[in-house]
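*Asks:* One-letter residues, chain by chain:
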Amino acid sequence: MAALHDYLIQAARRDASATAIVEPGVGTISYGELDRLSDRMRNRLVALGVERGDRVGLYLRKSIDALVAIFGALKAGAAYVPVDPGAPAARGAYILSNCAVKVAVVETTHADNLRLELESLGARPRLLAIEQVGRAGAGITAALEGAGPEHVSERASVDSDGSELAYILYTSGSTGKPKGVMLSHENATSFVDWCSETFAPRASDRFSSHAPFHFDLSILDIYVCIKHGATLVLIGEDIGKDAPRLARLIADERISIWYSAPSILALLAQFGNLASHDLSALREVLFAGEVFAVKHLRTLTELLPAPRYANLYGPTETNVCTWFDVPLPVPVDRTKPYPIGQTCSHLRSRVVDGQGVDVPSGSEGELCIAGRGVMQGYWAMAEQTAKSFFKGADGTPWYRTGDIVTDDGAGCFTYLGRRDRMVKRRGYRVELGEIESGLYRHVGVREAAVVAFADDDAGVSIVAFLSSRETKRPSLIEMKRFCAENLPLYMIPDRFTWLETLPKTSTDKVDYQQLKAMR
Amino acid sequence: MTQDVKQQIKDYIMAEFLPGESPDELTDTTPLISGGILDSIATLKLVMFIEETWSVAFAPHEVDKENLDTLESIMRLLGRKKPELTR
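As they're listed, the protein sequences go chains A and B. So the first sequence is numbered by numbering that gives the first Met the number 0: it starts at 0 and just counts up by one. So the second sequence is numbered by numbering that gives the first Met the number 0: it starts at 0 and just counts up by one.
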């Protein structure tokens, strides 16, 4: 198995009539049909000039159409570049021009806008416009049929030794410009194989696809599901954050393997009315992307005690690199977040200090990862790529995650925080994430995010942004008193700012950039 | 007089360390230091404010949680140092 599209080709050969993808309330597509349609998409992309090694942009919402485009691009030997169609067109155009896509598959409603933005950057990729995206593949079928006979000549799907790029995922760079994380087929398949080994999926499973395709959680959703001939249930953005509707959908679609950011699970636990639904099909609940506040995880596992819960950790650059099987029940007095766990079997890890020297077991240091899952680099950013790796004594490139961890002596890691979220305050080293987990212990706090600002007077000032479930928010004195009881004095925030809800990125993580701008 | 002095101290704490908080929340017995309202720097600022406003001097050993943790205990300390302020 060397290429991601081989999963689809083989699953279709095994059982062509099995349901591959569900658009809830709209329709489904079988493995045989998805394989055939993506063959036609491959032919079309090749006719539009796509060659092995090219990039194909995706500018459309999550849908069967998008999956046809993904597999069409992979079969043509291209890497796909998914872009958030909900983000400003200028950002999408920047990404598509940055990695010089040859073709962009775009929803008709966005096509003109995107073309203008691309042209303003001097980029002129071919646009393949799809009308009526999200109608069980009718849109892309029509677009493929609309092409003349010269575009339907049969091509073979590209064989890959695994080293070619499969997709580029852009993540927000701290500099403000998105960075394109380049991942090869082998990067993805080594991760998918690890998932097979660890979670033992079956053809009868029904996977959630909650994360958008430009977020790396989608790699597990799509390819682990397709590899095992299971069914992928697409969850659109409209319903994705609406806890009551989401809970009903999980029940109605009998989802058995769920994967999302913890914030969504926290919403489900609080507002999903989970007790009123039959969620007995659910057997694995996986989460990744940020720290799961223990109080929400406890609520969730009390409401749904049957599934297995696993905390998956890893930056986009490695996809999941460590994982932790959460033992249930969650003790009532536990407030400390769970560990990120042990290194996945397809990767290796080490913990180093600022000079790149291994720290003794149990000491703090930066987690570094090597192995088949680690990215090829950032697109057209040689310097950034070089900075994110260091060479081991044997020449192995080690990716620096930027995350500070400790290990318990038995290879189980605990996440302490971001290298760049550590601030010094009055000589003390303060991890902003630790203040956040302290704030989460307050019953009135629903969400907490802490930001440090440079302050002429005090060097650094720490501001807590909070949202509350209660209509009467806890008073400032109450919050300060609570912090004094739960945190060292030097960690008590200087200011507390209450918001209706914290701003989120398109991947449902707290948007720290926006918070920083709210000073 | 007592009420005046106490009110001025309260106003100072509200303005400096509890901006935006409703004044009713800060009572005579609200813990200031153990309650996280005054950290070490804030405590020193408050002491300087009191020293300058009413021309009193605190000895270093007096600047502690026992004497300064509530408005009530601050007034008690002031009363010992300058009885006319709290009469």
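Incorrect hints may have been included.
Here chain A is said to cover these stretches of chain B; the calculated rule only asks that three of the stretch's residues, wherever they fall, bring their Cβ under 8 angstroms from a Cβ of chain A [as the list claims (entries may be wrong)]:
#1 19-30
#2 48-56
Dumping the calculated SDA-like pairs for lysine to any residue here, alpha-carbon to alpha-carbon at most 25 angstroms [as the list claims (entries may be wrong)]:
#3 A:Lys508 to A:Val293
#4 B:Lys64 to A:Ser474
#5 B:Lys44 to A:Arg39
None of these hints come from the bench; they were simulated from the model. The structure presented is a predicted model; accordingly, all values stated were derived computationally and were not measured. Just so you know, even glycine gets a beta-carbon here, dropped at the ideal spot from N, CA and C.
*Asks:* Lys64 (chain B) and Ser474 (chain A) were given as a pair; does the straight-line alpha-carbon distance stay at or below 25 angstroms?
*Replies:* Distance ~23 angstroms between Lys64 (chain B) and Ser474 (chain A) Cα, so the pair holds.
*Asks:* Run the distance test for Lys44 (chain B) versus Arg39 (chain A): straight-line Cα separation, threshold 25 angstroms.
*Replies:* Judged against 25 angstroms, a Cα distance of about 74 angstroms means the pair is violated.
*Asks:* Given the hinted pair Lys508 (chain A) and Val293 (chain A), is their alpha-carbon gap at most 25 angstroms?
*Replies:* Holds, because 17 angstroms separates the two Cα atoms, which is no more than 25 angstroms.
*Asks:* Do at least three Cβ atoms from the region 48-56 of chain B come closer than 8 angstroms to Cβ atoms of chain A?
*Replies:* violated (count 0)
*Asks:* When I compare C-beta atoms, does the region 19-30 of chain B have three or more residues closer than 8 angstroms to chain A?
*Replies:* holds (count 7)
Taken one by one, the earlier hints fail for this structure at numbers 2 and 5, listed in ascending order.
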